[in-house]
Amino acid sequence: MRRFRLTPRRIAVVVAATLGFGTAAGFAATLTVGTWHLWAGSQTLTKTTCPTLSGTSSTTDTYVVQSTPGSSFGTNTTMLVKAPSGSQDWAFVRFDLSSCAIPTSGGADSATLSLYVQTAPGSSRTLTVTPVLSSWSGTLTWTAAQSLTYGTATNTIVTGTTTGAKTVLVTVDVDSLIKNPNANYGWRISDGGTTTATTTFGTSENTTASHRPQLSINYEK
Amino acid sequence: MNTLSKTLGFAVTVAATFAACAAAATLALGSTSLSAGSAAVTSCGVSSLSATRNVNNSGDVTQVNVGGIPTACSGATLSVALVNSANTSIGNGQATIGSCSTTCSATISSFGATVSAASVLKYSFAVTGT
Numbered sequence: 001m002r003r004f005r006l007t008p009r010r011i012a013v014v015v016a017a018t019l020g021f022g023t024a025a026g027f028a029a030t031l032t033v034g035t036w037h038l039w040a041g042s043q044t045l046t047k048t049t050c051p052t053l054s055g056t057s058s059t060t061d062t063y064v065v066q067s068t069p070g071s072s073f074g075t076n077t078t079m080l081v082k083a084p085s086g087s088q089d090w091a092f093v094r095f096d097l098s099s100c101a102i103p104t105s106g107g108a109d110s111a112t113l114s115l116y117v118q119t120a121p122g123s124s125r126t127l128t129v130t131p132v133l134s135s136w137s138g139t140l141t142w143t144a145a146q147s148l149t150y151g152t153a154t155n156t157i158v159t160g161t162t163t164g165a166k167t168v169l170v171t172v173d174v175d176s177l178i179k180n181p182n183a184n185y186g187w188r189i190s191d192g193g194t195t196t197a198t199t200t201f202g203t204s205e206n207t208t209a210s211h212r213p214q215l216s217i218n219y220e221k
Numbered sequence: 001m002n003t004l005s006k007t008l009g010f011a012v013t014v015a016a017t018f019a020a021c022a023a024a025a026t027l028a029l030g031s032t033s034l035s036a037g038s039a040a041v042t043s044c045g046v047s048s049l050s051a052t053r054n055v056n057n058s059g060d061v062t063q064v065n066v067g068g069i070p071t072a073c074s075g076a077t078l079s080v081a082l083v084n085s086a087n088t089s090i091g092n093g094q095a096t097i098g099s100c101s102t103t104c105s106a107t108i109s110s111f112g113a114t115v116s117a118a119s120v121l122k123y124s125f126a127v128t129g130t
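Just so you know, the sequences run in chain order V and C.
Numbering-wise (this note's numbering), the first sequence opens with residue 1 and increments by one.
Numbering-wise (this note's numbering), the second sequence opens with residue 1 and increments by one.
It is worth saying that the hints were derived from the structure and are not from the lab.
You may find that some hints are simply not true.
What the hints assert, rightly or not - Restricting the straight-line Cα-Cα distance to at most 25 Å, the calculated cross-link-like pairs of lysine-lysine (BS3-like) are:
| # | chain 1 | residue 1 | chain 2 | residue 2 |
| --- | --- | --- | --- | --- |
| 1 | V | 179 | V | 47 |
| 2 | V | 47 | C | 122 |
| 3 | V | 166 | C | 122 |
| 4 | V | 179 | V | 221 |
| 5 | V | 221 | V | 47 |
| 6 | C | 122 | V | 221 |
Quick caveat: nothing in here was measured; it's all calculated off a predicted structure.
Make the full structure from the sequences, and use the hints.
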């Protein structure tokens, strides 16, 4: 076995290394950069389209009539929206989104409500689409409709004076509905005009499928 | 004598080498100095994040809400980038993670541009802070 000899050269190396490393460690210990938190990640989204909702299996609709406040019209094939105040008719429509199976963590990219004007007013009307915030059924009456709560108007529908489908974006309401599916109360369509006019829409019971209310949803999850 | 000189010279050379390394690690932060050094960078406990967003009727993103952030991240900055199908950021924003009890959340309402929700295929997150 070779014997280790402590030569002057070896002593010098040990001393130098000790001094060098000691100095480095001493200065390194004085760094005061601070402790930082750092994390990065991502979440990938999936884009999907819900098949268009339409018909009695997914739609509840009706209208209420101020002049007959105790009557309900939930099985009619048409629904009326009428002005002016004092002799109004309001239409109500909502859709069951359960068939879309959208998770509550998802959200609407776009949502379009389509209503078909079966009988157009003599002059174009601007109808107000207002989210309903409390529960109602197809047997809703004018009297009961006065006790419902309503949100801020979402959008408007300009009827024009010809028949045909009218579409309106309801993305913000459907996005909210996706996140809170138990609060699915649909919309009221009303005419706040001061002149007499009636717009007639097809309902989910309408014999012509294309005349029924429809809701199209593109969403992410 | 000659051997002693060589030994001392060698020792000085080695010491200078280590001292140089030491100096490199201790250059001060100053207006005329260049610094180098290191410090520990740790996570504040985030393992994953997910967001929900709100939109307006046109389908543009109005808010991104991020929840489930560990309380240790309180005071840190959350950055979110909205990324499209080309893996390009089309909007980004930041929020300070506020004080919280069980878990923290943060809401970002400005993205530097109008961003269509339909174009967003990914959220990229970063949490930074002391």
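Hint by hint, here is what the structure shows:
1. Our distance criterion of 25 Å between C-alpha atoms is met by residue 179 of chain V and residue 47 of chain V, whose separation comes to about 16 Å.
2. Among the hinted pairs, residue 47 of chain V with residue 122 of chain C is consistent with the structure: their alpha-carbon atoms are about 11 Å apart, no more than 25 Å.
3. Under the criterion of a C-alpha separation no larger than 25 Å, the hint pairing residue 166 of chain V with residue 122 of chain C is inconsistent with the structure, at around 33 Å.
4. With a CA separation close to 11 Å, the supplied pair residue 179 of chain V and residue 221 of chain V stays within the 25 Å bound.
5. Taking the CA atoms of residue 221 of chain V and residue 47 of chain V, the gap is about 7 Å. The hint holds against a cut of 25 Å.
6. As the CA atoms of residue 122 of chain C and residue 221 of chain V are separated by approximately 11 Å, the hinted pair is consistent with the 25 Å bound.
Comparing the model with each numbered hint stated earlier shows that hint 3 is the single one that does not hold.
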